[in-house]
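Sequence lines, in order, name chains A and B. Sequential numbering of the first sequence, starting at 0, is according to numbering that gives the first Met the number 0. Sequential numbering of the second sequence, starting at 0, is according to numbering that gives the first Met the number 0.
Quick caveat, the hints were computed from the structure, so don't treat them as lab data. Any given hint could be a false lead.
As the list claims (entries may be wrong) - Taking lysine-lysine pairs in the DSBU-like style, the calculated list, with each CA pair at most 35 angstroms apart, reads: (1) K27(B) x K572(A); (2) K283(B) x K587(A); (3) K283(B) x K572(A).
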Amino acid sequence: MLIGPTGALFVLLAVALGVAVPVILMASRAPGARRLAITLILAASFAGCVLAVFGFLGRAAPRLDLSWAAPFPFSFVVDRLSAFFLLLVCAVAIPVTIFAAPYFDLHYSERRRNWTWGFFSLFLLSMIVVVTAATGFSFLVGWELMTLVSAGLILIEGDSAERRHNVFIYLLMMHAGAAAVAACFFLFLPYSHGLDFEAVRASGAGMPGGIRAAIFLAAFVGFGAKAGLIPLHLWLPRAHPIAPSPVSALMSGIMLKTAVYGFVRFTFDFLGGGPWWSGYVVLIVAAVTGLLGILYAIAEDDLKRLLAYSSVENIGIIFLGLGASLIFLAHGVPLGAALALIAALFHTFNHAFFKSLLFLGAGAISNSAHSANLNELGGLQRRMPFTGAAVLIGCCSIAGLPLFSGFVSEWLTFRSLLAGSALINTKAQIILPLMVGILALIGGLAAACFVKTFGTAFLGRPRSTGAEHAEEAPLGMRTGLALLAAVCLAIGIFPGFLLRPLVALAQVLIPGAGVPEETLSIARILPWTAAIVLGTGALVAVFKRRERIARTWACGLPGLSSRMQYTSTVFSKPLRFVFAQVYRPDRKVEELPADQPYFPVSISYRSVRTTSYERVFYRPFVELILSLAYRLRRLQTGNIQVYLLYIFLALVSLLAFLRFER
Amino acid sequence: MRIALDILQVLLLILGAPLVRAIIARLKARLQRRRGASIWRPYAELFKLLRKEELVPPTSSAVFRLAPMVLFGATIGAAAFVPVVHASALLGSRGDFFLFVYLLALGRFFLSVGALDGGCAFGGMGASREALVSSLAEAPFLLGLVAIAIVASRVDIAGMVAWTLGQNIFNISAVHILAFTSLAMVILAETGRMPVDNPTTHLELTMIHEGMVLEYSGPSLALIEWASAIKLHIMVALLIALFFPWGMASNGSGWGIAVALLLYCTKTAVLVILLSVIESSVAKLRMYLVPDFLGVASALSALAVIFTMWVKR
Numbered sequence: 000m001l002i003g004p005t006g007a008l009f010v011l012l013a014v015a016l017g018v019a020v021p022v023i024l025m026a027s028r029a030p031g032a033r034r035l036a037i038t039l040i041l042a043a044s045f046a047g048c049v050l051a052v053f054g055f056l057g058r059a060a061p062r063l064d065l066s067w068a069a070p071f072p073f074s075f076v077v078d079r080l081s082a083f084f085l086l087l088v089c090a091v092a093i094p095v096t097i098f099a100a101p102y103f104d105l106h107y108s109e110r111r112r113n114w115t116w117g118f119f120s121l122f123l124l125s126m127i128v129v130v131t132a133a134t135g136f137s138f139l140v141g142w143e144l145m146t147l148v149s150a151g152l153i154l155i156e157g158d159s160a161e162r163r164h165n166v167f168i169y170l171l172m173m174h175a176g177a178a179a180v181a182a183c184f185f186l187f188l189p190y191s192h193g194l195d196f197e198a199v200r201a202s203g204a205g206m207p208g209g210i211r212a213a214i215f216l217a218a219f220v221g222f223g224a225k226a227g228l229i230p231l232h233l234w235l236p237r238a239h240p241i242a243p244s245p246v247s248a249l250m251s252g253i254m255l256k257t258a259v260y261g262f263v264r265f266t267f268d269f270l271g272g273g274p275w276w277s278g279y280v281v282l283i284v285a286a287v288t289g290l291l292g293i294l295y296a297i298a299e300d301d302l303k304r305l306l307a308y309s310s311v312e313n314i315g316i317i318f319l320g321l322g323a324s325l326i327f328l329a330h331g332v333p334l335g336a337a338l339a340l341i342a343a344l345f346h347t348f349n350h351a352f353f354k355s356l357l358f359l360g361a362g363a364i365s366n367s368a369h370s371a372n373l374n375e376l377g378g379l380q381r382r383m384p385f386t387g388a389a390v391l392i393g394c395c396s397i398a399g400l401p402l403f404s405g406f407v408s409e410w411l412t413f414r415s416l417l418a419g420s421a422l423i424n425t426k427a428q429i430i431l432p433l434m435v436g437i438l439a440l441i442g443g444l445a446a447a448c449f450v451k452t453f454g455t456a457f458l459g460r461p462r463s464t465g466a467e468h469a470e471e472a473p474l475g476m477r478t479g480l481a482l483l484a485a486v487c488l489a490i491g492i493f494p495g496f497l498l499r500p501l502v503a504l505a506q507v508l509i510p511g512a513g514v515p516e517e518t519l520s521i522a523r524i525l526p527w528t529a530a531i532v533l534g535t536g537a538l539v540a541v542f543k544r545r546e547r548i549a550r551t552w553a554c555g556l557p558g559l560s561s562r563m564q565y566t567s568t569v570f571s572k573p574l575r576f577v578f579a580q581v582y583r584p585d586r587k588v589e590e591l592p593a594d595q596p597y598f599p600v601s602i603s604y605r606s607v608r609t610t611s612y613e614r615v616f617y618r619p620f621v622e623l624i625l626s627l628a629y630r631l632r633r634l635q636t637g638n639i640q641v642y643l644l645y646i647f648l649a650l651v652s653l654l655a656f657l658r659f660e661r
Numbered sequence: 000m001r002i003a004l005d006i007l008q009v010l011l012l013i014l015g016a017p018l019v020r021a022i023i024a025r026l027k028a029r030l031q032r033r034r035g036a037s038i039w040r041p042y043a044e045l046f047k048l049l050r051k052e053e054l055v056p057p058t059s060s061a062v063f064r065l066a067p068m069v070l071f072g073a074t075i076g077a078a079a080f081v082p083v084v085h086a087s088a089l090l091g092s093r094g095d096f097f098l099f100v101y102l103l104a105l106g107r108f109f110l111s112v113g114a115l116d117g118g119c120a121f122g123g124m125g126a127s128r129e130a131l132v133s134s135l136a137e138a139p140f141l142l143g144l145v146a147i148a149i150v151a152s153r154v155d156i157a158g159m160v161a162w163t164l165g166q167n168i169f170n171i172s173a174v175h176i177l178a179f180t181s182l183a184m185v186i187l188a189e190t191g192r193m194p195v196d197n198p199t200t201h202l203e204l205t206m207i208h209e210g211m212v213l214e215y216s217g218p219s220l221a222l223i224e225w226a227s228a229i230k231l232h233i234m235v236a237l238l239i240a241l242f243f244p245w246g247m248a249s250n251g252s253g254w255g256i257a258v259a260l261l262l263y264c265t266k267t268a269v270l271v272i273l274l275s276v277i278e279s280s281v282a283k284l285r286m287y288l289v290p291d292f293l294g295v296a297s298a299l300s301a302l303a304v305i306f307t308m309w310v311k312r
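Chain B with its partners taken away, still in its complex shape (with noise of 0.2 angstroms):
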């Protein structure tokens, strides 16, 4: 029961991603007194692309054709250690945030590296910016965890939230709010939204992820696209599970399995809606303000694991 409860998340994760992407585009139009497209458009992409012909460049090897594919196993494996309607994960109960920062990394890695394959310019532009972005970005991500996890004393994502499920939602301290402030900017970094890079952009001036995916194309180019909406549902449901799990199901039972889902869908709206909000109102970061905007986060998670000091139990 309780692993299906887990795969289940999983599922809802994975397959709620280009939802969420969707939602997010949607909002952004609106905010910009534009109609947008049908929110189930991304899934109409993903299944137009994934049965299309593959072009690949003429100098590539095998490590272009892998990257996607690893890129998409290793989102999936971070998918596995977040909870999202009860306080346990397929993974998350015994592979620590250590583990699941790192499998993004390995995705990072490959995706970067088969950007580098396809031997034109922009490849190596969005892998050389992505590298810069993601490598400043690693340490607030972990601090902040970090900061959690000393809160905590316990260092699997599931434990940590079980934690927070137990404290009071006014009993919050100073270590919280710095780690979601600093989390909450790494996410704008790791998952490529503004201001850190615009998920719209077709200019080579400003792109990033952008930049890396231009050679992909068929089934590749899904599988890169659904790994990068997964890995936003993830951060989102991160972001909630760390720091707003309240609600989550304590036991096993349906009905209030489907309040756990009815608060999670509502709480992600929230926090979909403010992420429009920001990425309407903000302007991109000029790429060498990039490592400020880091140098803040981390040293707002360090100041949160120093503050560590005073609230432990």
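With the rest of the complex left out, here is chain A (with noise of 0.2 angstroms):
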């Protein structure tokens, strides 16, 4: 039973986990241990990268049953579904891990060095659980690791009150998230004996109607705390930016999408899509995500936060695509469905890969400048010419510019939303089309987005002393941004070699779907696209002979300085001006001294972006939870009289109950 793939699983879940541990226990006194563990963990994740490659093209589903080991049914089985996930997991693990190594080496003492290695590689080994789990404990148990680890991770990088509050409401929503994500599987279980994946798809179908919205809302619900939907992505820009590069690059790369393979898993692999309106929910709660999510990015001065509010902007996108797939099921046009969850999961993984890169190349950028804060930077081009490329691949992928990534996977979502006009409903038939002006608006928005963040980061001059010294990353992190940017640039032009088994994948989740033809032509105009632009993009080169550096017309003044140039809080000025609405800013004016407004002092202008949403939608949640705790706060007496009549009380009533269940 435990040879060939199999045992190859078996053999990569082991050796993460192993590694965690001798790390953590033997680095400070060892000196190869380190590098011996980073290696491990580097294998690991290329083992399941070929585990992954060979059951997403459906050569094998390797199980493993480790029930013996567990009190609980506890297993594990890679099917086509879990392989993509996994190939996800392993295939960004390698570059961001070989990122990480001279990262953390630059940044950490060797104790907090030891410790980050180890949670690293247990954050790994947790979301290769959840993806690969095949009962619902093997599941619940990766998705609560995967939430503690990576909190652990966050506070490992820094102990300060405002870090340990932003952790708190990350651990607290995702909490929130994994109750409703039990509440899914405790909600099969009258229907179905046990909660081993296959019984619960078996009984799928014959539940009534009501479970069945029940389990969808509330895998929506718990799985959207975890992909960051709106509005439930509060937690996202707060934990993301403060957790190291590397782990940020995990986190918003890659432990986003085991949500929407959860969500993928329960409404499509399990309930064979959701009732007649969850598609529609799910689009409108998408496009709602993307549009303000890329809005709040664009007023983003801060790297990272920015690349934080674009994942949930991404999330969107991904949604969309599911939304749309839902409706076309619930219409009885799989080909359609096959189409739109096609394009979501190309935007997943198109969307793990370039966030990556992006989050490493912030990474990169904070190391050399010392500041992630785009005012700060500048002129990074000429002095970290390598990083810069990778991140311009980067951005041009999230942007969706065609021979870029993002670009096939956008115009799958839009191909699909566009073929919802054949659909016989009169609401699918206005709304799919409609969106693809929402979809267009956020790619608009998301172009603009980043042509700010490469702008600023790394063209013009330097803003600060940070930026003006930089250097270019080391060989380490630079081998690790080139892996991500080749996998964008070659999925851009060739994304056949994706789309194929992504068919099959889909032909799977969704029963009695062809190939869609749009797969096809996507695939056979790319190249020729990438040949027609880049071939005379190559012939106009031979114009540029001649060149000299001559200084910039300064307008009569001596010279130009980098305080003239455009800022990111200047360039996405007029969007927010026109998106007033969205941000409502919090302005402060104060003149000195107050008596005199015509011969002011001093003046002063603050102003602080508000997160409107978090008035509307959090306030009253969060004084209902308060008021209710207050009560329940009666019971607790301190008496322990009281407490002992409390267990008398549980006792009798679970006799009675028993008594009476018969």
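Both chains are given apart, each in its own frame, so use the hints to dock them into the complex.
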């Protein structure tokens, strides 16, 4: 049983798990131990990739049953869907690990470094557990571990009150989400014997509509919280930016994707599509998420917060595809459903790569320029050309420009939305094509956002001494960036490699679906387009022969300074002005002294962008919970006799319940 | 034969572009009671710029030099999607309008990035304003095309044109009128014409496109100017192909193509006259009124999409 692919899976899991402990224990004494541990993590990720590729191509579906070692059914399987996400986890883990090795060396003391690596490998392991779990219990164990370990990784980085507050919010929302995810499983229990995925899947069809709707909603809320769907995204821009950059890359790049995995597993695999309204709910929430996500991203000046908000936006795009797919499924059009699902999964793949690339790029920048504030950067392209080129590829991909990976998935999403016009249902016929407009707006804003990001960070003049003295990132970091950028480029021009297995995956999840013609046509047209665009670009390069460096005319002043450049804040000002309703800034103008309005000694101006959704959604909710908690406190008298009474009452009621149940 | 004709179309779009621009400038001059420059001047200018030495700012990087080439390549790529004399295009029968629109976005992205690399205030200003205009123009642009695609039940531009060719000219629906209006508005914004941007301005308060190209010179400037002329020509050709394609050659015969070419020139002339009259008679919009302008375009195109419900099939 434990041979071949299954054995590889076992080795992979055991190795990654085994790495964590010896590193923490030994590395402070044996200098080679950490290097060994990193090699082991890389080897495990590589083994995972191989395993995933086999599973993804449908060659094998290895199983691993560990129930003998646990008090409950505890097993793993790598079917096509799992394999796809396993591939994401492991393939992103390799460059991130390569990047992290020099990064952690530069940033951490010996002791913290060991802890970080230990948690790092546990974090990878937990994500592998989540995407390969074959029972409810193994899934929930991985899910919980993933949250806790990532919170630990954030806390290793520092220990300020603000950080603890952010981690608290993160843990709170994750546990609320985890409760909903657990509820999903337990709602299946009355209809299936056990929480083995196969039993759950078998029971999916025969359940009453109400329960199916409840499961769908619980899954949407539970996984939506993990994915960062608005309004459940509150934790995301708080938790992601404060983690160390390689960890942010893992969190944004692949941890969010485990939520997509969970949602697809439940709604498509277990339920076979939600209630008829499910698609519309998902679609509208996704549109709001995408639009608000990118609008908040544009307004950010901190590179990592900007990237975190852009993750919210991309999750919105992924769920647009999933929503469209559910609508098609509800109207009995498997082909359209397959196309939309492929679009969503493709975007999941792309986002994993370009977002990790950008977060690693942010790490390289803050490492060299000692700041991640866009208003303090600039001119880095001349100082770190390699990092700049990789980040430019990431920016083009995330902006959805053709010849880069992001375009393919956005194109597929566009086409699946457009295909909605062929449905018979009036609602779907209008809403789906109109969503093209929303997605186009999101895409346009994303392009603007990443022009700003790349332009202010890498181009022009340096805006601080840190940026002025920045140096190129070390070799390990560059290798990590190069690997990720290469994937973005390759997928952008030759998407066929990924599309073919994705079509097969969609056909497994949506029975009766054929091969969407769109997936073939995009794979055919892109190489030709690339040939024309790149060919022409290369052809005209021959004209550029002589050039001379000349000072920029400074309107008669002695010279330009970096203060005359557009900053990130100014760049986004027109868009912030137009969408002022979204931002609702708190502005404060103070003139001193107050009694002489015409002769002020000093004027200070402060403008803080508020998060209006927080006030609307969360304040009432938090107050409700607090008031409930105060009321519940009455139970807690501190008197031991009362507690004994509670125990007695609980015992009696349980006995009574058992008596009457028969 | 067909491929040769397709390539010929692209060449026509590329080589004819400076002429279209020059004719607009000439007509505008006439409307302002000036004589105006020769309509061949843009060719002479391109020729001159391509041979000149290039001046680059001391702070600029490779991106500054790369941007014009990518812009030019992407614009040529987009030109390969638009049918001119027959209902087919080099990439237009396989690629769809999403790819077309996003190729233009690719060029714009690099132009904006290149502008920020100049390291002076004007580049940033132009790029920032361009970001505002183009990010809001994308939605009505795509929605307008979506409306026509739904009516024609085709997604490739050549197919959409072929469908329109088969229709009676008097049989046009509200969808086409709405989509045409919104696309015409979008095209004014996308190509940087009045009332969104003034192509002849050199006043920092008003410039968008001019601000972005301020630091460029020599061959790079030539490529940028040529690309923006091609973009204008593509857009005019797109409007003609989508809404007034009648007269395009249905087969590859020399006679039919000659007639189609002649008709194309006539239609272009009409649109160009219209454009120069508009440009001469309206004032440039204040920057923050541009979103309203594009908002109207978005509303019109959304209506067009909704109206497809009743016209379809």
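Now the hints, each set against the structure:
1. Annotation: proposed proximity of K27(B) to K572(A) holds, straight-line Cα distance about 34 angstroms (limit 35 angstroms).
2. Restraint check for K283(B) and K587(A): satisfied, since their Cα atoms lie roughly 33 angstroms apart, inside the 35 angstroms limit.
3. The hinted pair formed by K283(B) and K572(A) meets the criterion: a straight-line CA distance of about 21 angstroms does not exceed 35 angstroms.
The structure fails none of the hints (numbered hints given earlier).
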